[in-house]
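Here the protein sequences come in this chain order: W and C. Using our numbering, the first residue of the first sequence is number 1, and each one after it goes up by one. Using our numbering, the first residue of the second sequence is number 1001, and each one after it goes up by one.
Keep in mind the hints are simulated off the structure, nothing from the lab. Among these hints, one or two may not hold up.
Under the rule of at most 25 Å between Cα atoms (straight-line distance), these lysine-lysine pairs were calculated in the DSS-like manner [as the list claims (entries may be wrong)]:
#: 1; chain 1: W; residue 1: Lys197; chain 2: W; residue 2: Lys148
#: 2; chain 1: W; residue 1: Lys199; chain 2: W; residue 2: Lys142
#: 3; chain 1: W; residue 1: Lys155; chain 2: W; residue 2: Lys199
#: 4; chain 1: W; residue 1: Lys274; chain 2: C; residue 2: Lys1307
#: 5; chain 1: C; residue 1: Lys1307; chain 2: W; residue 2: Lys275
#: 6; chain 1: W; residue 1: Lys274; chain 2: W; residue 2: Lys197
A few chain C residues that face chain W, going by a derived Cβ cut-off under 10 Å, partial list only [claimed, not checked]:
#: 7; residue: Leu1043
#: 8; residue: Gln1046
#: 9; residue: Met1314
#: 10; residue: Asp1361
Ideal placement from N, C-alpha and C gives every residue a C-beta, glycine not left out.
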Amino acid sequence: MAALGRQVLDGHRLIPLTWSLIARQTTRLGGQKRTTAFLLRKLTMVSSGGGLGESPSVEPQKYVQEPEHRTGLTQCLLEKQRTAVEREKVVSSLLDMGFSDVHVNELLSIQPGTHPQQLLDIISELILLGLNPEPVCVALKKSPQLLKLPVMHMKKRSSYLRKLGLGEGKLKRVLYSCPEIFTMRQRDIESIVGVLKEKCLFTVKQVTEILHRCPCVLREDPGELEYKFQYAYFRMGIKHVDVVKTDFLQYSMTKTKERHVFLERLGRYQTPDKKGQTLVPNPLLRDILRVSEAEFLAKTACSSAEEFGVFKELLAREEEESEGRMADAGSPEEAGP
Amino acid sequence: MAALVGRGVRDMLKRADFMTVPRRQRHKKKWAATEPKFPATRLALQNFDMTYSVQFGDLWPSIRVSLLSEQKYGALVNNFAAWDRVSAELEQLSARDFVNEAIFHGEPEPKNGQTAAPPPASWACSPNLRCFTFARGDVSRFPPARLGSLGVMDYYLMDAASLLPVLALGLQPGDTVLDLCAAPGGKTLALLQTGCCRNLAANDLSTSRAGRLQKVLHSYVPQDVRDRNRVRVTSWDGRKWGELEGDIYDRVFSLVAEIQAVWILTESWLYHLSAREVWVLVDVPCTTDRHSLHEEENNIFKRSRKKERQMLPMLQMQLLAAGLLATKPGGHVVYSTCSLSHLQNEYVVQGTIELLANQYDIKVHVEDLTHFRKLFMDTFSFFPSCQVGELVIPNLMANFGPMYFCKMCRMT
C-alpha cells in the first residue's frame, strides 16, 4: 500500500505542470480563500527562500517567471501563483495518497504557516508507517506540533518505531493517545523500552504489544513504571502475559492500589501463592480496573460509595505516612557515607 | 582433573565426618526451613476469616476492611482539667460531644411515645461524661493531648466505643465501683470522670499493665481526687508465675492465679465496705480483635499462645462469675470485651448465668439495652441480632469497636 503510494507520488513529479492548470487553480483559490490572501503571501515569501529549489519540477516555472520580476503588482500576483503551484502540487499528491478533498482542506488549514512541502513530507512519512489517511488527519488535527518537526528527525524516529514493531497498522492507536511518540527524546523512549525489556523481563513481542495497547506508558517515569509492574507481579500475582493482555500498565497506580487494596481488605482478593492458588476466587482484572467506579462497587466489591470514599482518604493518608517513614529511615543511610 | 580429585577428597572427608557423628545426633539440616513462617497477625486474620464469615455473613467484608484500616478515636474530656475550655477547643475542630447529643436527642422520644413513663432508672447513663468524636465519614484526627493549666492532661484519646460499657453501667453519685482487669485505663478514667465513685477499686493481673494504669491516672487525675475517691489500683499478680513466661502450663496457672486474685480482692474489698451495692465493670481479657491484626508483639494468635487462647472463654466466665458474686442482690455488673466472637461474648454471659443458677442458686437478670442502643445509633453501628447484650461492629463510616457489652443485675 505504502509502496504504491510512493510510486504514484514519484510518477506525479514527472508530469509537467501546465499553465492552464495553474490558472484554474488560482481562480479557484482566489474565489475560495480571499480572506487568507495575506497569509498566503507571507507563506510564499518564506517558501521562496528555502524549499523551492529542491524540487526540480518547480524549476521551469521559476525560469518563466524570472523576467516579470519587475513591478510590485505582478510580483504579488506571481507569488500568489507560485504558492498556488506549490499548493496544487501538494494537493494532488495528497489526493493521490488517498486523502479526500475535505481531508486535504483540513490538513492545509491545520497550521497555515507550514511550508506545503514540509506538510507533504511529514504526512508521507506517516503514510509510509502504514497509517491510513483518515487517522493521519485526525492525529495531525489533534497534535499540530507534529507538522513542525524536522523531516530528518521524523525519518529517524519512523525507522526506530518500525524497529520496535510499531509499523503496519499498529501506529494508529499509538498516535491517537500518545502523539508525543514523535516529539519526545529518543533517550526517553529507549529508557522506557529498556525498563520493560530488562527490568520487567517482557519479551520483544510483548513490549511491542504493550506499546501498541497502552502507549501512555511512554509518558511515565521509568522508575514508576517498574514499580507498577512489580506491584502487578508480586503484589497482585499477575503474570507477564496477563499484564499485557489486560492493559494493566495503562491504569494509574493510585486507582489500581485503591481498588486492589480495598478488595484485599474486604477479603475478596488474595495474592496467589507459588502455584497460583487462592482460598477465594479472585475477581477478573477487567472487573476491577476497566469498569466504572459505580460498577466496581456494585458488582465486584459489593460495597457502598461512602465507604469507598472514606477508604480512599484513609489509604491516601496511609501511603503518605509510610512514604514519610521510608524517607525518615532512608535519610540516615544517605547521610552516612 | 584437579577439580575431580578435589571433589573426591571432599567427598571422602564428608563421609568421614559423617561417620564420626553419632547416629542419635545426626539431623536433617533443612528441619525448620520447610515450615511456613506466618506472622501472628496473619494467623489472626485467617482465624477471623474462618469464624466471623460464618458468624456475620454478608456483614463480614465491611467489618474486615474496617478492622484493617485506621480506627477512629474519641476524645474523653478530662473533667479535672478546664473542661469547658477544652470542650470549646474540640468543638472548634468541628468535633461533637456524642454523649451529650445522644442524651438530648433521646430524651424527647419517650415523652412523645405511648409509654409516657420516663425510662427506668437503670437506663440512665452514667453522668458527666463528655466525649468528642468526628462525624460519620470524617477521618480527621485529634491532636495529641496536652498538659493543661491545672497540671493534668486535657483529654484522653480512646476508642469511643469503650465508653459505652461505662455509660451503660448507669452510675449514681456515691456508688462503689469495682473495675476488674482495668488496664490500660480508659474505662477506669471514664469511671472516675463520672464523679460518682465513692470508692473505686481497679485491678489488673499484670504488673506492667497496672503500672500503665497508674501512669494514666497520675497524668489525668489530681492527687487529692485520687485520695478522696479512694482509688485503689491493685495488681493481684502472679508475679512468681509471671517470671516463667513462655511455658503454657505456667500461663494456665497464671490465669488461675488471676481468678484467685479476683476472689481475694473482692473478699477483702467487701470486707471494707458497708452493705451498699457494688457496681462492677468486668472488662475481660479477650482476643482484642483489632489489636491482634496490627500488633505482632505479644499477639495472642501466636502459635505458642494457642492454649491460652483456647482457655480464654473459661477465664472470661470465671471473671464474670467473680464479678457477679462480688455484688449484693440488686447490684449491677457490666461485662465487656473488645472481640467480635460470640464465643467470648454472649455465650460467656449465658454460660455464666447458667453456672451461677446451678451452682450457687443465684438468679441473674440480663437487662435489655435496646433503648441504650437507639440513643447511640447515630454514632456507632450495632450488630442487629445479638441474643444478649449489644455489639458495636466497626464500619468505615464509624470505625469504632469492636466492643461488646452486656448489663446484668443480680436478683438473689
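### Query
Regarding the pair Lys1307/C and Lys275/W, is the alpha-carbon distance no greater than 25 Å?
The hint is violated at about 33 Å.
### Query
Keeping to a limit of 25 Å between CA atoms, is the pair of Lys155/W and Lys199/W held or broken?
29 Å, violated
### Task
May I ask you to test the interface hint for Leu1043/C with respect to chain W, counting a Cβ-Cβ separation under 10 Å as satisfied?
14 Å, violated
### Query
How about Asp1361/C: closest beta carbon in chain W under 10 Å, or not?
46 Å, violated
### Task
Return the status of the interface hint for Gln1046/C: holds when the least beta-carbon distance to chain W is below 10 Å, violated otherwise.
Nearest chain W Cβ about 9 Å off; hint holds.
### Query
Holds or violated: are the alpha carbons of Lys274/W and Lys197/W at most 25 Å from each other?
Distance of about 23 Å is within 25 Å: holds.
### Hint consistency between Lys199/W and Lys142/W [alpha-carbon to alpha-carbon, up to 25 Å]
At roughly 33 Å apart (the allowed maximum being 25 Å), Lys142/W and Lys199/W break the hint.
### Query
Is it true that the CA of Lys274/W sits at most 25 Å from the CA of Lys1307/C?
With a Cα-Cα distance of about 31 Å, the restraint between Lys274/W and Lys1307/C is violated, given a limit of 25 Å.
### Task
Have a go at the Met1314/C hint: is there a Cβ in chain W nearer than 10 Å to its own Cβ?
30 Å, violated
#### Entry: 25 Å limit on alpha-carbon distance, applied to hinted pair Lys197/W and Lys148/W
32 Å, violated
The structure fails to meet hints 1, 2, 3, 4, 5, 7, 9 and 10 from the earlier list, while all remaining hints are met.
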